[in-house]
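Enquirer: This is what each chain is made of:
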Amino acid sequence: MDTLLTAEANAGSPRYRRKSSTFVDAIHDLREKGHLAPAQLYSTESGRLFHAGRIVICTVGLPARGKTHISVALARYLRWLGVKTRIFHLGDYRRAIVGPGKDVPDDYFFVNASASSVLLRQKILKKCREDIYDFLNDQNGQIAIYDAVNPLSAGRKSLDKEFAKHGMKCLFIESSCDDQRIIEENVRSVKISSPDYHGWSEDEAVKHYLNRISAKIPHFETMEETDLDWIKMINAGERLVINNRSFGYLSHRIVFYLLNLHIKSRHTYFARAGVTLEEESFKADAPLSPQGVDYAKKMTDALLKHREEELQVLKEKAGPDAQLKPLIVWTSTRKRTVETSTFFAARGFQVRQRSQMSQLNPGVCEKKSERRIRAEYSEEVEKHDLDPYHHRFPRAESYHDVAVRLEPIILELEREQNDLLIIAHESVLRVLYGYLMACDASDIPFLSFPRDEIIEIIPASYNNEAKRIKIPDLPREIIPASPEGPKAAAPPSGFATPVPGLGNGMLSPWIKPGTPEPADGMKTPVGAKTPLGSGTGGKTPAEQAENDISIRIHDVV
Amino acid sequence: MASSMTATDTVDAKQVVLVMVGLPARGKSLISGKVKRYLQWTSVKAEIFNVGKYRREGTPHPDAKFFDAGNPEGEKARKAAAEAAVADMCNWLKDPSNKVAILDATNSTKSRRKWITERLEEARVAHLFVESKCDDEDLIMANILEVKTTSPDYVGQNPEEAAKDFRDRIKMYEKVYQTIDESEKNLTYVKVTNIGHQVVINRIQDYLQSRLVYFLTNLHIKPRSIWLSRHGESEYNLEGKIGGDANLSPRGFQYAKMLPELLRKSGLPKDAPLTVWTSTLKRTSQTAEHVVAELGWEKLPWKALDELDSGNCDGLTYAQIAEMYPEDFKARDDDKYNYRYRGGESYRDVVIRLEPIIMEIERSENILIITHQAIVRCIFAYFMQVDQSKSPWMEVPLHTLMKLTPKAYGTEVEKFKANIPAVSTWRPQGSQAKHHEAGEAEMVVGEPVKGVAGEVNGTKA
Numbered sequence: 000m001d002t003l004l005t006a007e008a009n010a011g012s013p014r015y016r017r018k019s020s021t022f023v024d025a026i027h028d029l030r031e032k033g034h035l036a037p038a039q040l041y042s043t044e045s046g047r048l049f050h051a052g053r054i055v056i057c058t059v060g061l062p063a064r065g066k067t068h069i070s071v072a073l074a075r076y077l078r079w080l081g082v083k084t085r086i087f088h089l090g091d092y093r094r095a096i097v098g099p100g101k102d103v104p105d106d107y108f109f110v111n112a113s114a115s116s117v118l119l120r121q122k123i124l125k126k127c128r129e130d131i132y133d134f135l136n137d138q139n140g141q142i143a144i145y146d147a148v149n150p151l152s153a154g155r156k157s158l159d160k161e162f163a164k165h166g167m168k169c170l171f172i173e174s175s176c177d178d179q180r181i182i183e184e185n186v187r188s189v190k191i192s193s194p195d196y197h198g199w200s201e202d203e204a205v206k207h208y209l210n211r212i213s214a215k216i217p218h219f220e221t222m223e224e225t226d227l228d229w230i231k232m233i234n235a236g237e238r239l240v241i242n243n244r245s246f247g248y249l250s251h252r253i254v255f256y257l258l259n260l261h262i263k264s265r266h267t268y269f270a271r272a273g274v275t276l277e278e279e280s281f282k283a284d285a286p287l288s289p290q291g292v293d294y295a296k297k298m299t300d301a302l303l304k305h306r307e308e309e310l311q312v313l314k315e316k317a318g319p320d321a322q323l324k325p326l327i328v329w330t331s332t333r334k335r336t337v338e339t340s341t342f343f344a345a346r347g348f349q350v351r352q353r354s355q356m357s358q359l360n361p362g363v364c365e366k367k368s369e370r371r372i373r374a375e376y377s378e379e380v381e382k383h384d385l386d387p388y389h390h391r392f393p394r395a396e397s398y399h400d401v402a403v404r405l406e407p408i409i410l411e412l413e414r415e416q417n418d419l420l421i422i423a424h425e426s427v428l429r430v431l432y433g434y435l436m437a438c439d440a441s442d443i444p445f446l447s448f449p450r451d452e453i454i455e456i457i458p459a460s461y462n463n464e465a466k467r468i469k470i471p472d473l474p475r476e477i478i479p480a481s482p483e484g485p486k487a488a489a490p491p492s493g494f495a496t497p498v499p500g501l502g503n504g505m506l507s508p509w510i511k512p513g514t515p516e517p518a519d520g521m522k523t524p525v526g527a528k529t530p531l532g533s534g535t536g537g538k539t540p541a542e543q544a545e546n547d548i549s550i551r552i553h554d555v556v
Numbered sequence: 000m001a002s003s004m005t006a007t008d009t010v011d012a013k014q015v016v017l018v019m020v021g022l023p024a025r026g027k028s029l030i031s032g033k034v035k036r037y038l039q040w041t042s043v044k045a046e047i048f049n050v051g052k053y054r055r056e057g058t059p060h061p062d063a064k065f066f067d068a069g070n071p072e073g074e075k076a077r078k079a080a081a082e083a084a085v086a087d088m089c090n091w092l093k094d095p096s097n098k099v100a101i102l103d104a105t106n107s108t109k110s111r112r113k114w115i116t117e118r119l120e121e122a123r124v125a126h127l128f129v130e131s132k133c134d135d136e137d138l139i140m141a142n143i144l145e146v147k148t149t150s151p152d153y154v155g156q157n158p159e160e161a162a163k164d165f166r167d168r169i170k171m172y173e174k175v176y177q178t179i180d181e182s183e184k185n186l187t188y189v190k191v192t193n194i195g196h197q198v199v200i201n202r203i204q205d206y207l208q209s210r211l212v213y214f215l216t217n218l219h220i221k222p223r224s225i226w227l228s229r230h231g232e233s234e235y236n237l238e239g240k241i242g243g244d245a246n247l248s249p250r251g252f253q254y255a256k257m258l259p260e261l262l263r264k265s266g267l268p269k270d271a272p273l274t275v276w277t278s279t280l281k282r283t284s285q286t287a288e289h290v291v292a293e294l295g296w297e298k299l300p301w302k303a304l305d306e307l308d309s310g311n312c313d314g315l316t317y318a319q320i321a322e323m324y325p326e327d328f329k330a331r332d333d334d335k336y337n338y339r340y341r342g343g344e345s346y347r348d349v350v351i352r353l354e355p356i357i358m359e360i361e362r363s364e365n366i367l368i369i370t371h372q373a374i375v376r377c378i379f380a381y382f383m384q385v386d387q388s389k390s391p392w393m394e395v396p397l398h399t400l401m402k403l404t405p406k407a408y409g410t411e412v413e414k415f416k417a418n419i420p421a422v423s424t425w426r427p428q429g430s431q432a433k434h435h436e437a438g439e440a441e442m443v444v445g446e447p448v449k450g451v452a453g454e455v456n457g458t459k460a
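Residue numbers (numbering that gives the first Met the number 0), protein chains in the order written: chain A, 0 to 556; chain B, 0 to 460.
So that you can see chain B by itself, here it is in the shape it has in the complex (with noise of 0.2 Å):
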């Protein structure tokens, strides 16, 4: 085994619940979905248990009316899917490695929250509310349009019809919403008015509490994107050597000069501003010098987007490597994700010093990102939510622009080829250390994504 070390947290984490409390339309589900994929990105095991899909099993499409309180069959049908997931939840939670549940409903009543912390204490299981208040009339409408093109509830349905059942359906919720206020001062709380303006943490017990709480403070829901490319083809791909600090070739330099015209084609947002990060690696500024001179944007160089360290491999080829550390060669592609390199990262110690990349990502509105594969792979991971397994494999073709866009239901993902030729730096799992020759790249395929991905209640948009 190549690494002995890791820096998560999860060892002596205590299981902790998030159950979410708010009106449809506040963004909740969107907080549960991304606190999920944080946490998993860090190695700690997290699961949403949403009680609509519970509900949606026996009333799949329900209309306004399902939802009015004072509809005695709507009434039960609700709080038996509650009972139902909360039951699974607990269950869930048996396996002491499962880390995280978040329970995602309205929970709007007092009666509610207090039926859940009986549940949960009689479990034994700390709990945090998480509640999301939101009195900002452009945020609501905002989120309601992409709730109804979305939502499995409406599915098939009438856009401006679905649109005003919803709206319909939050009215029955505001007539016996009641928020977290001073008589529930006893309960562990966050509660966030429009989206951060305004938070309130109460009596947070632990750490793992604490840094949800600093991830849920750092969200916001603004519909933004997020523009993700490697740097242009450098001297060391055409050589095949990894790690070094070189320029851009005559092609790299080419895609530098396309960028700008990739990004328009891939649909700007108007008037909103961008700022663009790059490494502080000559080829990833090389690589934005021309989205900065003619798009006037910002540029920010971030260390932490520099490339894996690949320490004592640092300016070999693949072949190379293979041959002067064949163990290592075979325990990279053993454990790709934790594999050190001698004097060098791991996949694990890049997702480390990339966490407040994430948070800064989470903070910000729409960013151009250039970097490096390794980096780009993690990111990607992070949004995608995939596997740590996979994701150090994943193949990144130069020359591509790729845009993601987070929605309540998960992410978008569109790619962008400059139709400028490149090498592949990609080398598969097991495969021998041969390195591509120029022009090749076309002929590699193997996408490993497809349009929209990320799992939110256990559904697929």
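Looking at chain A on its own, in the form it has when it is part of the complex (with noise of 0.2 Å):
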């Protein structure tokens, strides 16, 4: 389940202390447990970015053009980087006003409406907007976004308007398609798979969907506003025109972010490296041992089996000639990682080695023990144990270093367009599912990563979700994922776990320092949708509706 949404559930934590002195960077600093971002480059005491502001993202567009998916992938980001983020669906509180089962009245789009649909948009706008300024003014929120369609120019100014009253900006995202074959793709695969289709031929489907929507929205002004802030992402990113009026920091980070981002759907699968003839050390960059090499060939073997019955299940679906995306492979430089590779570059996959997906460097944790790093280093260690995330032993480096390091292969990783398999060591692909699933900085060290699955990341807009494919026939002695700081350097043979697969990492209560492996509750259960809900305060109406997502497929926004 996609943890993005569920943030602040932490916000209750206890307050840990500063680790040693205050000469100590921003970027060790031990924050409010719900405050910890991944790749955060300095903080203040509100927990705003002080020179950028508060700012509400307002979406602009029709339905089927990638609103929600841009919202979302942008709350992925921001938090990443140490923004507070949410997401207010307009369409929740729609949903939760109206009642559930039933739709707006159909002239409720309309610009001529009726007395009484206008009544209802005002007041189902004014708790959307209530609930941003409690957010923004009272709980140290930095972004809101506000995902709606917006559609009218003059509705846009006075929005602009009334959040400058609050002392708040406005920026406009536009997502905007002329090219018909985009937008029909994205009906296809997030708006008509709910029950009311069921029967129909997908392209009727289609059709009747994006019918109803220009019955619905029969008014639509692109942005032209020279006097609002805005961007418009044209054709899922092919083009982004932008209006400056008065851009921050953050705007322009989100053009940088926007400028990698696109809306079509691809799959991430993470797998380990295997085993090498020289597991502890990190200076030696040993090749993989024969079971290592046995590992490669299964977890190939695995992959592309699993990859053949997808593509089974989308020909039936979608007719004999669909095809999976491509498949590419990227390992880093280190050797473990290039050699378990190789069954996919013999079968004529593409495989790109990026150095910065190079494993966390242990520093003078190499090829100690346990107990040996206790006994050497008791007071780092007690530093580790304190924050693991931010900690770095001697010449080491801190997960928070990799995933500074990592960012660009982050934004990369937006940029693919491909499916892309990513063969890492197990530090690396904590801090990339930290990232995919919006995990607290605090979870990532103990995220598990038993070798004998692969994972894979299916993104939808609303959230994504995590699978795992198990590689059959492994030697239970490589398969426990390693834990996390002091024990990492040494890892106990014969290890069996009990693992049953990947918490979600943010109300995990079996997430503790020395414990690797998630307690068998948290397992999620594949394809089920999960409560996004927020976990402070009172429910507002887009919790309540996040609760019952099948009552949002098939409703128009």
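Keep in mind that the hints are not guaranteed to be accurate.
[Unchecked claim] Straight-line Cα separation of at most 20 Å, SDA-like style, residue types lysine to any residue; simulated pairs: (1) Lys13(B) - Arg128(A); (2) Lys184(B) - Pro407(A); (3) Lys98(B) - Arg351(A); (4) Lys13(B) - Asn234(A); (5) Lys184(B) - Val240(A); (6) Lys98(B) - Gln204(B); (7) Lys132(B) - Glu223(A); (8) Lys256(B) - Lys281(B); (9) Lys221(B) - Ala374(A); (10) Lys75(B) - Lys132(B); (11) Lys170(B) - Asp62(B); (12) Lys231(A) - Thr187(B); (13) Lys184(B) - Lys382(A); (14) Lys98(B) - Gln352(A); (15) Lys298(B) - Ala465(A); (16) Lys402(B) - Trp296(B).
It should be emphasised that the hints constitute simulated quantities derived from the structure, not laboratory data.
Computed from a prediction, not measured in an experiment: that's the story for all the values here.
Now that you have both chains on their own, put them together as the hints suggest.
Expert: Rendered as structure tokens:
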């Protein structure tokens, strides 16, 4: 499950004290657990980036243009950067106020709507706006993403004025498409999987859905306003047009991110590297052992078999000509990951080596047993246990260091249009998984990747989903996930784990230093949608609606 | 080797050519220079190929008529210059470690851009057109005034006449200028109108290109200055200790008190807002105290401006470090840029954490930055293109205010010394870990800075 929308669940957790002297870079600061962001470069007492102000990002665009996808992706990235961000889907408020199973009146989006529809519209807007004010004013929020159609120029201008009164800046992000194929693919992938369209042919369903939208929202004005701040994304990022009246640091950063984002859906797979001849040494950069080669072969077979099955499912659904997206493979420049990819290369898959994906450097812990590390660096171990994410042993890297150096990879990950297999050391997988699944930084060191599972991350516009693909017939001793910190240096052999899967990393009670494997209860049922509501304060309509995902699917907006 | 990890993304970066597009006086050279400086600072190899420089070899001081599209001789000479520049550039790109070439010329017609596209496709190099378009007369005039005083084309000429000739030259270009439009929608381009007020970004192909666009959208060319100072002398400075979060010494407080006066002396902009940036450590905010109180400027503390984290060595003197960690002491001397203190940071780490600050400096107007020795070195190195092997060794004396003013052809540096003695915290490469006694600072000479630095167009003003 995607934990993006539950990041405040830990707001009530105890405040950690600062680690050592005050001469510690912000990047080491121990803040409230809920405030730890994986790649946060600096922080302030308010929790806001001080010079960026409070921003309401308002989406603009007809349904099926990828607005929700952009909102969620942006929130994921902003939180990764340490910006307190929350999404407010107006559709959720609409559903909550109209009532489950019901739809808004037919003239709801019309320019000349009836008085009762206008009143309803205002009521819904007001409730959503109040929640935004509360988040930005009273909960130290910095960015609220207001996910709505916002089809009319006049409406956008009044929105800008309204938020300005509260000292908040508006940044409009329009997603616009003149390429019918992109729109149709969007409708196909996110809008018509509801029971309403059961038994329809895909083409018929797409047509029906699009007709419904044009009937419901007949008036739409693309953004031309010179006096507003806006970014227009055309055809899934092919072109960006920017009207910059008063862009600040974050707005520019958002442009940067959007330049790399596309709205096409593709899968990401994570696999560990095989075991090597010299498992405990970082510096040796050892080649794979025979067991490691065997693993590489079995992993390759398991993934390709899985993809073959996926292709069959797709063909049943979309016809015999359907194809999966091509698969490409990224490894680090370390021997073990490169060698693990050889069976893919031999079958003609493209393999790219990325130096930034090198594993966490253990520094002085190199080749030392846990006992020896505890004896020689007792003080460091103490600091490490307090903050395993930010602490670095002498000459070592912290997970935070890894996250910061992985940022280009994160942006390229967003840019990639093909299905992607990442073969890397567990420390790198933890951080990348933490980004894709919006884990709290403090949980990242404890994420567990047993070797007999390939993780598949399937994006959806609302949340990403993680699936596990079993690799059969592996010797037990190579399976265990490696533990974190001092324990990582010399992994115990023959340690059989009952690891059932990846916890979501947010609410897991099992996460504490030295507990590498999640409890059974945290298993996320594959394919199930889980409530995404935020944990703080009273339930907003957004949260209530999110509890009932099924009603949103057939809703037009 | 002390550091085994670097965080640059140069290994995978694909080569790209930035092709500038725009009329004269639209800030093309300024943008080219800034892009090169930014890339080099982040360890990406970049070079500018300025067609004007090639043209100047044959025609050092042309008049406006030379640039008339109807003047066949001028046209021929300018095309030859473009060809020579492109040929040199393609040659430079044959070395795969060279990453970003910048073709600095007007490239103001569709046919010229088509020719360049063909040449670069032949050479199989990705390219990104960067158009700077401006119809704000004030901005253009400000740019003309600056160019006429600094451009090599007008060296030794009457400024009035130079300005007139330059305006005539622009008119010649305006006659044939074609902005990038829908007919060129298959090009990869970024079109910036009125210094970033409207931007169109089309068909960006990879991550490095997106990062360049990000940088470009943060730039502006409004005149401004950046004042840079270390904090006043601290109690730790007196004891020769590094790191810590000590208070200012009495002389440090004297410097803080004198700073507003020193700033006034350095020439403050009239009616232009100024913001003060400090680190989160006491000694910088104490140094900013009087500036904020007397001049009423806004003060913003940045964690990213905190001093280089010396890890286990925090609070030690250099002599103690040399004694306790002799290997480290030597490793640091061998490669100071990459050396990472045990449990602390390297200069390379600092540059990475300062990148958002640099973006923010580029975006801002007048700022006073009060920070620490290593941080001043990194920021200074960015503006003055100081090499990584030298920047960690630069001497940055206490109680000295620097004023950096970006100009089209480089950055101007002025230094203002407060007449308040302070210890020197500068330790030259390979030297003993000796602590300089109070007052000795005056005796330490060695200025890394001379007037205007920064290479743009291969010329120095």
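Enquirer: Checking each numbered hint in turn, tell me which of them this model violates, lowest number first.
Expert: 1, 2, 4, 9, 10, 13, 15
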